[in-house]
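S.K.: Protein chains in written order, with the numbering used here: chain X, 124 to 657; chain L, 17 to 334.
It should be emphasised that the hints constitute simulated quantities derived from the structure, not laboratory data. One thing to keep in mind: the hints can contain errors.
[As the list claims (entries may be wrong)] Calculated pairs, BS3-like style, for lysine-lysine (alpha carbon to alpha carbon, straight line, at most 25 angstroms): (1) Lys-656/X to Lys-238/L; (2) Lys-633/X to Lys-349/X; (3) Lys-248/L to Lys-238/L; (4) Lys-607/X to Lys-233/X; (5) Lys-602/X to Lys-485/X; (6) Lys-400/X to Lys-238/L; (7) Lys-397/X to Lys-149/L; (8) Lys-581/X to Lys-600/X; (9) Lys-633/X to Lys-607/X; (10) Lys-451/X to Lys-492/X; (11) Lys-633/X to Lys-177/L; (12) Lys-656/X to Lys-349/X.
All values reported here derive from a predicted model rather than from experimental measurement.
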Amino acid sequence: MSKELELLSSEVTAGNLTRREFMSRAAALGVAAAVASSILADAARADGHATPVAGGTLKMGIQGGESTNSQDPATWASDVPLAGGFCWGEPLVELNPDGSLNGLVAESWKGSADATVWRFKIRSGVMFSNGEEVTAEDVMQTMARHSNEESKSGALGIVQGIESMRTDGDVFEVTLGVGNADLPYLMADYHLIIQPNGGFDDVAAAIGTGPYTLETDEPGVRMMFKRRDDYWGGDQTVVAHYDAVELIVLNDATARTAALQSGQVDTINRVEPKIAKLLDRSPTIDVLSTSGRGHYVFIAHIDTAPFDNNELRLALKHALNRDEMVEKILQGYGSVGNDMPINAAYPLFDEAIPQREFNLEKAAEHYKKSGHDGSPIILRTADGAFPGAVDAAALFQQSAQAAGIPLEIKREPNDGYWSEVWNAQPFCCSYWGGRPVQDQMYTTAYLSTADWNDTRWKRPEFDAMLLEARAEIDEGKRKEIYSKMGRMLNEEGGLMVPMFNDFVDAMSTKVKGWEANPNGPQMYWKTSKYTWKA
Amino acid sequence: MHPILKLVAQRLALGALLLFAASALIFGLTEVLPGDAAQALLGQSATPENLANLREEMGLDRPAVTRYVEWLGGIVTGDLGNALTNKLPIAEQVSRRMSATLFLAFWAAIISVPLAILLGLIAVRYQNRWPDKLISGITLASISLPEFMISYILVFFFAVKLFWAPSFASVSPGMPLLAQLHAISLPVAVLTLVVLAHMMRMTRAAILNVMQSAYIETAELKGLTAFTVIRKHAFPNAIAPIVNVVMINLAYLVVGVVVVEVVFAYPGMGQYLVDAVVKRDVPVVLACGVIFAAVYIILNIVADVVSILANPRLRHPK
């Protein structure tokens with residue numbers, strides 16, 4: 124945030140400036156209305172930051188819960204189980220809004236010079252909700268459960284690089300096959316919640332070290348939590364201020380909005396961009412947008428004709444009108460992408476990489492150079508690929524046709540899209556949720572051997588750079604390597620990133636203490652831990 | 017054996033056969049759908065390894081026929097089994113969800129059935145005059161609007177603007193009855209509006225049909241009031257078609273309210289079934305499918321029996 128804006132927003136909270144005046148001055152500074160409004164909301168909330176109030180019930184209306192949900196962290200993929208998981212459980216560390224790490228079950232950690240051996244000191248006096256104290260053994264068993272042969276865990280990719288593990292008193296030690304300077308960041312993954320004996324006894328018991336205990340669990344309907352008295356982080360005046368937390372599954376967007384407007388819930392996630400500005404007009408509701416690392420993509424398999432031709436890929440990339448998509452698909456709640464999966468929300472991002480602009484002449488020129496025979500280029504899309512995917516595909520088709528590229532859309536059913544189309548068809552729409560660090564994002568989808576290499580990006584020199592950066596402790600050198608990798612993908616990759624989407628939440632003005640966390644919506648699901656009701 | 021008992025026994029046997037056929041059909045169709053539970057559960061985060069592990073754990077690596085026969089063996093002994101996805105016992109989930117669905121359907125039926133029949137009678141009494149036109153107009157308008165539209169309109173006025181009723185129906189086991197009724201007031205109102213027109217129009221049409229008969233003229237000539245004629249002479253003869261329509265609507269209230277459940281986040285059977293289909297959780301889909309089929313079959317048997325009891329002529333088929 125610029126100094127001027129900071130000053131202006133404090134003027135509003137002090138009562139010297141009206142909201143309307145603030146918005147018009149912010150506009151004069153060239154700030155989009157959506158951004159200005161959330162800056163203002165942040166300022167208003169930060170103002171009450173010093174005096175948390177203990178007590179009350181936080182009711183959250185959340186999209187992303189099904190009757191098939193389980194309390195086994197290995198199976199979590201949607202928002203409701205994740206929000207509930209962070210109520211009853213904790214991983215070794217958590218990600219702060221500024222991108223740094225905060226120790227939870229781990230008190231401190233240290234890596235060897237080549238980043239292959241990592242030692243996590245387990246905090247003493249941390250109790251599971253079953254009354255037992257957490258030991259390094261529990262931590263090791265948790266990692267073992269997620270990484271063993273039978274694992275079906277969503278964190279398998281993260282813990283696979285572990286060569287051996289051992290405990291040494293209150294220290295949990297990990298040895299990696301290849302050094303990884305980011306390992307502590309990976310330990311913040313929501314699947315890796317520490318469970319007694321690693322969850323081997325009962326994976327879905329919901330026993331963890333979190334500030335709340337699970338009282339009622341009705342999958343796909345609601346979860347109810349009660350504050351623990353013996354939480355290691357302190358009492359309700361310090362952290363996790365609520366007496367109780369209720370998570371209500373509200374998958375229907377209109378139902379969610381209505382529940383917030385009628386005061387039945389205090390906060391909701393996934394506000395639809397098209398109604399966000401209208402909702403924000405309500406004096407009792409703030410719309411809070413968080414710029415994150417999630418991005419919407421068009422992905423081409425670069426080993427399949429016609430996408431094996433880089434001139435054609437460049438033609439398509441130049442034909443993308445990114446500003447228009449941010450404006451029309453995200454309604455301004457997002458930022459333009461640059462044909463690589465990394466943006467400024469990542470640590471060690473290189474701001475100097477030039478932004479690719481919408482340029483029909485260049486697109487036409489590259490298309491001509493590609494020598495494509497003029498047969499239709501099929502882009503597959505579905506409503507479920509990402510919100511607004513069908514419209515985005517149509518915008519892409521329009522601008523591509525203006526450059527003479529015969530792009531055609533094939534609409535696929537939502538059902539089965541992730542098994543039949545994504546990572547199977549040569550050109551389709553998709554999304555990525557982003558990862559806490561660049562290494563993890565690249566390892567997940569751009570390493571030659573990655574299972575989710577959905578653009579078939581297989582470059583030995585790229586792999587080598589990724590491994591080199593991973594083990595590099597010097598941040599300056601790492602940043603340089605990542606910059607090279609980003610530029611390489613930008614120039615030659617099969618990945619087209621028109622936009623990075625914001626997380627858009629809405630909250631009653633009664634809830635205080637909110638702070639944007641780029642790792643996810645709802646303060647990366649720590650609303651129950653860090654906010655309070657005034 | 018009493019002819020009616022015999023008919024019920026026949027119908028029940030046929031119903032059991034139908035249920036078996038329905039379960040085989042549902043199983044076959046879920047097998048035809050692309051992907052399986054393991055794939056649906058892991059979604060975008062599936063890798064060949066964790067897919068294989070999950071399939072083995074769920075038993076999906078075995079042939080389809082084996083799985084179906086096993087399921088059939090379970091259900092015959094009254095065991096619905098466990099869900100593939102979260103391993104919870106299906107019977108427990110189904111009984112909770114089914115009672116929620118029946119609770120909603122019961123109150124919607126208690127209000128809508130008598131109201132529809134009463135409105136039908138009033139419409140006949142004032143045929144082609146303003147009360148008839150008003151009743152028909154309103155009920156036809158409400159059936160013509162999609163359910164979610166009516167829901168949103170009611171939510172907007174009664175929950176967001178007036179704060180009279182909650183916007184979503186959160187019912188938990190320990191709640192007092194009055195609080196529960198308050199919680200489901202809007203979904204009940206929507207369901208009532210949706211099923212009213214069909215039953216009301218059928219009542220009106222059936223009675224008008226009977227009103228043409230000679231014995232109605234006789235009753236009128238005897239000097240009975242118009243309403244008594246309808247109530248005592250026309251209505252009993254019009255019961256059969258009305259009962260059929262009422263039963264169809266009752267079945268709809270039990271099995272067809274997915275949209276209303278979604279809009280009001282009501283934890284009923286419809287939502288459970290939809291989740292299970294999306295995640296390819298075949299045992300749950302089968303359990304829900306068979307229960308829905310059973311509801312239809314039983315309500316149809318009831319409709320037939322009531323029509324026969326009400327109209328002796330039907331007891332002696334030619």
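S.K.: Each hint should be assessed against the structure and marked as holding or not.
M.R.: The hints, checked one at a time:
1. Lys-656/X to Lys-238/L: Roughly 74 angstroms between the alpha carbons, so the hint for Lys-656/X and Lys-238/L is violated.
2. Lys-633/X to Lys-349/X: 20 angstroms, holds
3. Lys-248/L to Lys-238/L: 13 angstroms, holds
4. Lys-607/X to Lys-233/X: Roughly 28 angstroms separates the two Cα atoms, so the pair is violated.
5. Lys-602/X to Lys-485/X: Given pair Lys-602/X, Lys-485/X is violated - Cα atoms ~30 angstroms apart, limit 25 angstroms.
6. Lys-400/X to Lys-238/L: 70 angstroms, violated
7. Lys-397/X to Lys-149/L: Given that 25 angstroms is the threshold and the Cα spacing comes to 40 angstroms, the pair is violated.
8. Lys-581/X to Lys-600/X: Distance of about 23 angstroms is within 25 angstroms: holds.
9. Lys-633/X to Lys-607/X: Violated: Lys-633/X and Lys-607/X sit about 46 angstroms apart, past 25 angstroms.
10. Lys-451/X to Lys-492/X: Violated, because 31 angstroms separates the two Cα atoms, which is more than 25 angstroms.
11. Lys-633/X to Lys-177/L: 19 angstroms, holds
12. Lys-656/X to Lys-349/X: It holds: about 16 angstroms lies between the C-alpha atoms, which stays within 25 angstroms.
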